[in-house]
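Chains as they are written, first to last, in my numbering: chain S, 45 to 392; chain V, 45 to 392.
Hints are not guaranteed to be accurate.
Each pair may be met inside one copy or between any two copies, as identical chains are not told apart.
[To be verified] PhoX-like, lysine-lysine: derived pairs with alpha carbons at most 25 Å apart: (1) 307 with 188; (2) 307 with 74; (3) 343 with 188; (4) 326 with 312; (5) 133 with 326; (6) 312 with 302; (7) 253 with 240; (8) 133 with 240; (9) 170 with 240; (10) 356 with 98; (11) 170 with 148; (12) 55 with 188; (13) 74 with 253.
For the record, the hints were derived by calculation from the structure and aren't laboratory data.
There are 2 protein chains.
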Amino acid sequence: MKIRRIERYDKMRIIVDAMGGDNAPHEIVKGCVDAAAAFDVELVLVGRQAELEKELNACGKGDVRITIHNADEVISGEDDPISAIRSKKNSSMRIGLSLTAEGKGDAFVSAGNTGALISGATLVVKRIPGIRRAALAPVMPSAKGNFLMIDAGANAECTPAFLKQFAIMGSVYMQRFMDMDSPRVGLINIGTEEDKGTELIRETHAQLKELPINYTGYIEAREVPLGGADVVVCDGFTGNVMLKFMEGMAGAFSSMLKGVFYKNTLTKLSALMVKGGLADMKKSMDYKEHGGAPVLGVKAPVIKAHGSSDAKAFFNAVRQAKRLVECRLIENITDGIAQYGCDEKKNV
Amino acid sequence: MKIRRIERYDKMRIIVDAMGGDNAPHEIVKGCVDAAAAFDVELVLVGRQAELEKELNACGKGDVRITIHNADEVISGEDDPISAIRSKKNSSMRIGLSLTAEGKGDAFVSAGNTGALISGATLVVKRIPGIRRAALAPVMPSAKGNFLMIDAGANAECTPAFLKQFAIMGSVYMQRFMDMDSPRVGLINIGTEEDKGTELIRETHAQLKELPINYTGYIEAREVPLGGADVVVCDGFTGNVMLKFMEGMAGAFSSMLKGVFYKNTLTKLSALMVKGGLADMKKSMDYKEHGGAPVLGVKAPVIKAHGSSDAKAFFNAVRQAKRLVECRLIENITDGIAQYGCDEKKNV
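Required output: the full structure, derived from the provided sequences and hints.
Below is the structure:
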């Protein structure tokens with residue numbers, strides 16, 4: 045791997061995949077310039093040097109603390125995640141993960157290929173001791189605020205041991221990052237009676253009851269958008285289905301609402317009167333507005349910014365990464381897993 | 045079992061569980077009186093004779109073709125489904141299913157305990173030859189119209205053979221009941237690439253490709269509310285999660301909209317202007333408005349009307365049952381399964 049030496053640093057340093065996502069590198073660089081100006085952090089943009097220098101100059105970089113780390117290759121959204129992260133060793137994502145793993149940065153943010161990022165985080169940054177699987181854990185909007193869903197798609201098939209660790213990590217995340225005292229952790233099931241669901245669910249349920257977290261039991265999917273839990277635990281297949289279903293429903297609502305408002309002159313007038321409120325509502329329903337999705341279970345904060353991130357969304361993802369470092373998320377997850385989440389203490 | 049003889053009949057006869065659901069028997073009887081007046085069918089109300097006679101008299105029954113078949117017991121929503129259907133042999137649901145199984149009616153409609161109805165349909169009406177599992181298959185709203193989801197919760201754990209039969213049954217349903225020439229059948233997955241998902245999904249995918257149905261491949265949950273398939277095939281866990289998530293999202297959306305419109309005088313005025321449109325939209329999003337959910341895979345049409353059915357919803361469920369008899373759904377499913385859905389012909 046061609047990794048250049050970076051000097052010791054005093055400030056928090058966030059590594060950025062400057063080539064990932066639909067709007068890279070332009071919007072990524074723009075978001076980073078804003079973030080470096082707003083926060084007391086250093087940013088390392090990983091990607092094609094010449095391109096990034098051009099973008100930085102166009103932004104009028106000034107004296108903000110941004111350095112460029114060259115990476116010639118790019119992993120695209122169409123690349124096969126696992127083979128891309130293995131073979132494209134000079135890609136911005138792979139090099140960024142390596143820099144993070146080597147302690148040359150405190151956190152990593154990428155808007156690139158989700159599957160490659162999850163595989164790469166596990167392969168390069170590596171899992172926290174005892175962790176069985178890394179999970180994707182987006183914070184999503186509900187009628188009452190936000191909830192964390194874990195896993196949203198990293199692991200299509202899970203065991204009770206995986207789900208138990210997801211519950212611990214999710215609970216720690218909401219405690220540390222969202223300052224919740226005692227986040228309510230629910231396990232997705234198709235009913236609330238004890239004997240409902242699959243064997244996976246029932247066995248996980250038994251194990252979660254024994255944990256020193258605020259496990260509130262089974263939660264039906266109906267309650268999720270209504271704010272029925274702060275941490276929603278599920279396998280990655282179910283989580284991904286819910287995540288995407290939410291996206292689709294929001295799209296369907298939106299197009300139906302348009303139909304209602306564009307009917308005639310009177311309804312169009314009505315639309316003008318509630319325009320601001322509707323825009324706010326649309327925004328609050330859009331999970332992309334709620335920051336990036338952390339990849340939990342690896343040894344450094346790794347944030348998956350949405351693929352369609354613009355400068356503002358990326359700025360928010362950098363802020364999120366900064367906050368995860370400050371709130372000592374990784375240390376707290378490491379402790380929680382060591383105490384309650386390892387297989388040896390399966391029934392603790 | 046205390047089952048009374050009913051004479052031979054010439055008209056179509058629909059058996060009704062008059063005691064099932066939140067609004068039984070009043071709304072059920074009312075819906076049936078309207079249905080008997082509107083359609084050329086006979087209805088058999090199964091339930092407590094005295095209560096039902098009182099309700100019928102209150103409706104001013106007139107000369108409509110409704111008979112009462114006494115059943116002393118009732119299965120409630122709180123009863124454990126399997127033990128209730130086994131032990132309460134004199135319940136309206138169990139007796140209604142038996143009458144249907146014995147050919148004393150052409151179809152059965154109940155707004156009662158969903159789990160008991162699915163178990164009872166399998167136990168009493170029995171499966172169509174070759175069918176591995178009965179499935180719950182509600183017709184649900186999308187931005188473009190309707191789609192059938194199969195399975196919505198009858199089978200939390202499935203095999204490729206189950207899902208293959210669900211695809212056949214769903215396709216036949218949409219062809220016959222909705223008059224679609226070639227319903228698009230999609231298999232829920234967390235991506236559209238061939239290697240995505242679980243082993244169950246990949247194996248099912250391979251089998252569905254071989255069927256003479258319009259199988260369009262994997263469908264992501266995002267596309268479901270946008271109308272991406274006419275038949276959405278999934279295991280009962282995933283289906284139940286989507287069904288309930290849709291309910292929750294609709295609720296969350298509705299409460300957020302209220303917030304937008306109740307903000308101030310101007311927005312309240314705006315609400316008046318689009319009141320009708322919003323009511324229509326709410327209605328079209330409410331899957332309860334889209335009739336009952338058939339239990340597919342058994343030897344007679346069995347319809348699960350929504351537990352909160354009022355007279356109008358129940359009237360619609362009776363109409364749906366009538367239409368299922370007329371369109372020869374069972375005969376067509378039986379043929380389809382015999383030709384393409386049996387294990388012996390796994391790869392046909």
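For which of the previously enumerated hints does the structure constitute a violation, in increasing order of number?
-> 2, 3, 5, 12 and 13
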